[in-house]
Amino acid sequence: MDDLILKKVVKFITPCIQLFGIYIIMYGHISPGGGFAGGTIIASSLVLQHITFGKNDMHFIFRKEMALKLISFSLILYSLIKGYSFFGGQFHLPHPPVGVPGNLLSGGFILPLNILIGLTVSSTFYIIFTLFSNE
Amino acid sequence: MELITSFPLAEIFILFISAFLMPFFKKDKHIKIISISFLLIAFILSVFTLMFVFQNGPFYYAAGHIDTILGIQLYIGPVEALLSFVFLFVFILVVWFSFSTIDAEIQENRIKLFYIMVNLLAASILGIIFTNDIFNGYVFIEVAALTSCGIVVVKETQENIKAALKYLIMSTIGSGLILMGIAFIYAFTGHLNIELIHQVVLEDHETFQKSLLITVALFTAGLGVKSAMFPLHTWLPDAHSSAPTASSALLSAIVLKAFAFFLIKILYRMIGFDLVNQFSILTIILILGCCGMIFGSLSAIFQKNIKRLIAYSSIAQMGYVFFGIGLGSPFGAAIAVYHMVGHAVTKSALFMCSGLMIEETGHKTIDRYKGLGHEMPITFALFTLGAFSMIGIPILPGFISKWYLSLECIHLDKLLLIFVVLSSSLLNAVYYFPILINGFFGIENLQDKEYRSKKVPVKKTIPIAILILAMILIGALSKNILDFISPEFGL
Amino acid sequence: MTLLHNYYESASIILFGIGLCTLMLNQNLIKKIIGMNIMDTSIFLFLVSKGYIAGRSAPIITENYQGVNAYVNPIPSALILTGIVVAVSVTAFLLALTIKLYESYGTVDLEEILKMKGDDHGVNNKLPFS
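Residue numbers (our numbering), protein chains in the order written: chain A, 1 to 135; chain B, 1001 to 1491; chain C, 2001 to 2130.
Where hints are given, some of them may not hold.
Unchecked claim - Derived Cβ-Cβ restraints for the label pairs, each shown as a range: (1) Ile-2034(C) / Leu-1477(B): 44 to 54 Å; (2) Ile-2018(C) / Tyr-23(A): 13 to 23 Å; (3) Asn-2026(C) / His-1411(B): 40 to 50 Å; (4) Leu-1491(B) / Ser-2104(C): 47 to 57 Å.
These aren't lab readings, by the way, just hints derived from the structure by calculation.
No residue lacks a Cβ here, since even glycine has one placed at the ideal position from N, Cα and C.
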């Protein structure tokens, strides 16, 4: 779309949306939200960029092949971390420290898992959008 | 000893990881190696699990050693161990078979996607079999439904997309009903674990008799759609006949059975034999199973496309499974499981043979297959053995499950049902024998026909031969298998 | 009377019926997908109403733990989140297939699509139960 106002506003608003999404992912374990909700918010910012600047500009920021690899990478990491806590329970492997409730660094594995879910969900939603945008 | 109990979870795990590893590789050859090697590792683990269960009996495994009420629990009894072993065996052979045929059937850039889907499907099928938590089961069912649509639609023709859409719509109806059933059962028991639900249901089933009936009906209809119970089977012939050969073998042999096995879990482990027999649900399953046996075979008689014929035969064979479930006796359920095992091996072999026939002759209709027994003797001989099992020639598993079903009918004083089994068996013969007879004795039609090749390479037939050997073994060891699995159902 | 007092359950069952009927009876594929979404949403309403207990707060402990009786049941919410993810992925898959079908047939009406013959390979559609 060739509209100056739209482009300026989107340039201004995209970082805000992404920051909000990151906030929701990071605080997922101590407040409402989490990886899925935050991931969709970040994906919405990507979709907004795609709509305003078109496919070609988006190609420099976030390519589809890269997104697929990002999804696979975060899913593998997710399964490895989750697998550690699934199988580790049986052999009494050390747990990560629980921390003080309410702190950002608390809740063991939930924070890294939320970040990985956020990465997966945001890239997946962006890929789903590109399936339906006919350009 | 402790280590082996975590093998079932490890099987699911490494299969999921293998699927996510594939996007990092570019060459199709590497992807094929990854797919089959991880399936092989999972198979070896399942062999250990089977041996462990054979020696030590069933066991529970709590993922992460969390309390039963909070965490996800796996239950591995004889049936689960046996089914996972057989299904992984079939998976490996079908994937091996697909190496030589898949390149011709689908576009080159879709091959990677196909193997990702196959490994995800294997993982989710194992999840459905092992899980002891109904919501976890629902998630695995959804993954299985999506991936099985995926392996239909990798071959991008109009027919495939149409069939996959039909399949997906039907299976979303099914999963909606299953999720509603889970919501109902969670509402009045407060648990998601099958054992805990069973305890609550046993204690106060009289207070919510009607809700329980609705729940069982929702589960039966939902899982019935997915495993092609008779009036809900309309998606099956299209999806199974249009898919690539390897996909149809997997869908027909494994995916249908996993859903039917989940139904057995729901009916007999979650609700219990005594309670389920009070409802009329079992009678309905029995009648629908009979209808499926008869009408599946009747419609198969009129089919001209060989893959479509085998797909209709699948509906008839699922009828036997539902017949066994619907008898309402522990032995009936055991035979249903035995039939699943036998049919999984046989039907995948039949589909792979038909795939080779289509590939070599270039025709899909059965009237072009006259004299085929002389053109491709090995493939056609294997097809004949598989068809014999479907018809019910003694020693082969098809005969044994029919035999025991009839015996169980006599035992339960339902003599009328024997005629259904017998007539269905006869109908099976009506549509398989013409293919076989024309194949072996229709030589006079051979003169003016040109076949593209004279022989199928032996390499392609090895997986089918192994499957047929396994089928004969399953038939020969039927007594041992039934003895192994029937304690599960309280015999 | 009991039906009227269980607002959430009644509403969700009615919605479930609407969704199921739309999914089964409508021939338009987009309407079918909408029906599927209504059906799933009704189940989410049913489950979330099971988890809610009037007068209790969300189970997030920030300062001090107030005992089990102060919080609502969080498990249904977790289940629904999973259900939503599943519904989203199924919807995306269905829409993608619908677009593919529309590209090759030029219509989203399932009945018309089924009438049109694709590339035929000895399929006999006229016989019973096909």
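Now for the hints, and whether the structure bears them out:
Look at Ile-2034(C) against Leu-1477(B): about 52 Å separates their beta carbons, and that is inside 44 to 54 Å. A beta carbon spacing of about 37 Å between Ile-2018(C) and Tyr-23(A) contradicts the range 13 to 23 Å that was offered as a hint. The hinted window of 40 to 50 Å between Asn-2026(C) and His-1411(B) holds, with their beta carbons roughly 47 Å apart. Between Leu-1491(B) and Ser-2104(C), the C-beta spacing of about 53 Å keeps the proposed range 47 to 57 Å intact.
The earlier numbered hint that this structure contradicts is number 2, and it is the only one.
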